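Trainee: Given chain U's structure and the hints, the job is docking chain R onto it.
Read top to bottom, the protein sequences are chains U and R.
Numbered according to my numbering, the first sequence spans residues 1 to 418.
Numbered according to my numbering, the second sequence spans residues 1 to 418.
No lab work stands behind these hints, which were simulated from the structure alone.
Here the structure is a predicted model, which means the values were calculated and not measured.
Any given hint could be a false lead.
No distinction is drawn between identical chains; accordingly, a pair holds when it is met within one copy or between any pair of copies.
Simulated pairs of lysine to aspartate or glutamate, EDC-like, Cα-Cα distance not exceeding 20 Å [what the hints assert, rightly or not]:
no., residue 1, residue 2
1, K113, E385
2, K113, E356
3, K54, D93
4, K113, D376
5, K68, E156
There are 2 protein chains.
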Amino acid sequence: MSQTNTPIEQLAARAREASVLVAGLTTDTKNAVLLDLADRIESRAADIFAANTKDMDAARASGVPTPKLRRLELTADSVAQLAAGVRQVASLDDPVGQTTRAYDVPSGLHVEKVRTPLGVIAMIYEARPGVTIDAFALCFKAGNACILKGGREANESNQLLATIAKDALRAHAAPEDAITAMTSSDRDELRRMLTLSEDINLVIPRGGEALIRFVHEHSRIPTIQHFQGVCHIYVDKTADLDRAMDIVATAKTSAPATCNAAECVLIHEDISGAWTPRLAERLARDGVELRGDEQVCALAPGATPATDDDWGREYLDLILAARVVASLDDAIAHIERYSSDHTEAILTRDQATADEFCRRVRSSCVLVNASTRFNDGFQLGLGAEIGISTSKIHAYGPMGLEGLTIERFVVRGSGQTR
Amino acid sequence: MSQTNTPIEQLAARAREASVLVAGLTTDTKNAVLLDLADRIESRAADIFAANTKDMDAARASGVPTPKLRRLELTADSVAQLAAGVRQVASLDDPVGQTTRAYDVPSGLHVEKVRTPLGVIAMIYEARPGVTIDAFALCFKAGNACILKGGREANESNQLLATIAKDALRAHAAPEDAITAMTSSDRDELRRMLTLSEDINLVIPRGGEALIRFVHEHSRIPTIQHFQGVCHIYVDKTADLDRAMDIVATAKTSAPATCNAAECVLIHEDISGAWTPRLAERLARDGVELRGDEQVCALAPGATPATDDDWGREYLDLILAARVVASLDDAIAHIERYSSDHTEAILTRDQATADEFCRRVRSSCVLVNASTRFNDGFQLGLGAEIGISTSKIHAYGPMGLEGLTIERFVVRGSGQTR
Chain U
1 MSQTNTPIEQ LAARAREASV LVAGLTTDTK NAVLLDLADR IESRAADIFA ANTKDMDAAR
61 ASGVPTPKLR RLELTADSVA QLAAGVRQVA SLDDPVGQTT RAYDVPSGLH VEKVRTPLGV
121 IAMIYEARPG VTIDAFALCF KAGNACILKG GREANESNQL LATIAKDALR AHAAPEDAIT
181 AMTSSDRDEL RRMLTLSEDI NLVIPRGGEA LIRFVHEHSR IPTIQHFQGV CHIYVDKTAD
241 LDRAMDIVAT AKTSAPATCN AAECVLIHED ISGAWTPRLA ERLARDGVEL RGDEQVCALA
301 PGATPATDDD WGREYLDLIL AARVVASLDD AIAHIERYSS DHTEAILTRD QATADEFCRR
361 VRSSCVLVNA STRFNDGFQL GLGAEIGIST SKIHAYGPMG LEGLTIERFV VRGSGQTR
Chain R
1 MSQTNTPIEQ LAARAREASV LVAGLTTDTK NAVLLDLADR IESRAADIFA ANTKDMDAAR
61 ASGVPTPKLR RLELTADSVA QLAAGVRQVA SLDDPVGQTT RAYDVPSGLH VEKVRTPLGV
121 IAMIYEARPG VTIDAFALCF KAGNACILKG GREANESNQL LATIAKDALR AHAAPEDAIT
181 AMTSSDRDEL RRMLTLSEDI NLVIPRGGEA LIRFVHEHSR IPTIQHFQGV CHIYVDKTAD
241 LDRAMDIVAT AKTSAPATCN AAECVLIHED ISGAWTPRLA ERLARDGVEL RGDEQVCALA
301 PGATPATDDD WGREYLDLIL AARVVASLDD AIAHIERYSS DHTEAILTRD QATADEFCRR
361 VRSSCVLVNA STRFNDGFQL GLGAEIGIST SKIHAYGPMG LEGLTIERFV VRGSGQTR
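The shape of chain U in the complex, shown without the other chains (with noise of 0.2 Å):
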């Protein structure tokens, strides 16, 4: 089942006119294929098992580190979830067809806003094979055919399960071109890919920043991706304390190699006194390095002393930056200059400043009173996530006003932390 001898041009070409059937889908027949899909990813655990294994053995043979295997290993816990996510999806409402607007215009027409699938979507990653099922079934249930390049240690893992959604595919007269697993390759054809305008709609790049360099520099296609999470939380001088100091902790350390954990708290100067240290001590007992400038070196005889590198860094790691800052002047002039637009918090009491910040930190999710974390498709009630844009793309058809800005998500909590 392999696509090894395929060239690229000829694969997108082939899901292109897949494209055009999926798009015409009813919803009943893609749920169908999903959760078919999900019984077979059950039923088939062993063989998934198998292909696994030899992606784990190769891996290991070739010296690949400890959290990349990490990232490759199916378990069993792992195929369950696969399933499940599958089913998930299954279950949202299907976007397609539905209409987002209607009105009338003086000349007597009748203007609908109707959600259309975008076509071909080529997904590029790095080791997790569960992107392949994951990425399949949310391209396909939006009524879009999907390329699917995954890391070349993957590869058995990938072409398998690819494989059963092609079984999947065809047992419901669905095109098995909906889905294609390109073996991995050379970056010469990779780049080739990225020039097929005519064939591929998006691409979305997701792994390490290298990868979404070298994408974001080749592409012809449009290209939604995230280069970094440089997320910050600025605690208000108003904030309630005890609670800032759970949601920072944790924003850190529930996960700290996401790109929505925070990477800089910024501390105004009427409670950094008081909060700093303990702040510091929590940090210490949680194993986070902390960072501070001046002031926050003062207060934390224990933090170490950033550099300018350390403002604006993405350090995917148990590090947190500190800063104090005057006012919200100077917290929204600091997330001005070093944010990646990816996801701010503010920690406050007072409505008017929570106002203030929401209206003018332009990032792509802004929260009031809880953690960075939630900027997460299901935590916002998107029912599942393909990735983050940070890139302000958008429109087809005329443009006028709205169409020359963006919408982005603005959330208030009460101190949830994640």
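Mentor: The following block gives chain R in isolation, referenced to the frame of chain U:
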């Protein structure tokens, strides 16, 4: 006031700084700047004509062809229209800060989607100097800074218009770098501009296909464009044949060089015998060359036999391609193969046929019983238009199923011609 000697890298960095301030302006301030600009355009009409005369003289001396000269020229009427257009933009609702959706999620978070400016928008266009004012007004009202690169021929006009806009900005303490009019320059500077993805959020090329292809090829910044508008009209067997005649003929003749003009008519075979000869007669009277397939030519002896090159061709001229089709399926198959995703229309009195056409044809705008020429921001109630996108790109923040689709326009009419 010319910005001739400042490298684009510096201009873009200044535009980025200005964009932060523009995004924070109140609606009242933005409207005051626009109304003031409209007044200034009127009161400085003599200066504008003088600058435009320099451009026209130089263009004539260098043998610029007449159609381009016509686009370059600013008349008393076009200056009045410029001012009126700016006042019209001032009267439109401000999209910035609008909440487009609000809901709660189980963790207790209250989530809003809120409109926000894009940042810095670069617009690349050819001869028409009026675009300098139109584009600034739209970008500014939507809270963005803009970098405008017009054609070399219009340089004197563009620089003066930008200076007048800067005067209006300064008079209201708004940042004058909200508008930057690049002096005409070589392709090398344009190529460098297209790499400045840290400072520029969106590129909109408007003009001939060669310009758009150049931008598409070299841009590292998301671009929104359409390469061509190859618009089809399908005349169903149940169409009102008299209305169909008017719609098809005027969709070609009312503005043959625009992107929403009809280029190809698909005629159901059940009515082709009666309707095609009448169409041929009407088009001949209107000075339109008809290029038909074999069946059309048999029914309309004056028609030119179409070659393979005529399908999917954007004539931008008084030429219309025509083909007889056996069914709705055949019409849709032709459109799937040759469409530029811009605009397609169906003329029919059968509701089910109209619905199926709307569902299956996924161009950016699909119309029932109305001319393709209604795909225009103003006609579709957007108040104004900065361009028409056939790029299906979008999304900022977490993307779920909805993020894997795009909204298009579906428009139902009752025989509207344009």
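Trainee: Would you mind marking each hint as holding or not holding in the structure?
Mentor: Each hint tested on the structure:
no.	hint	result
1	K113 with E385	between (23 Å within a copy, 16 Å between copies)
2	K113 with E356	between (32 Å within a copy, 16 Å between copies)
3	K54 with D93	neither (37 Å within a copy, 60 Å between copies)
4	K113 with D376	between (26 Å within a copy, 14 Å between copies)
5	K68 with E156	within (16 Å within a copy, 59 Å between copies)
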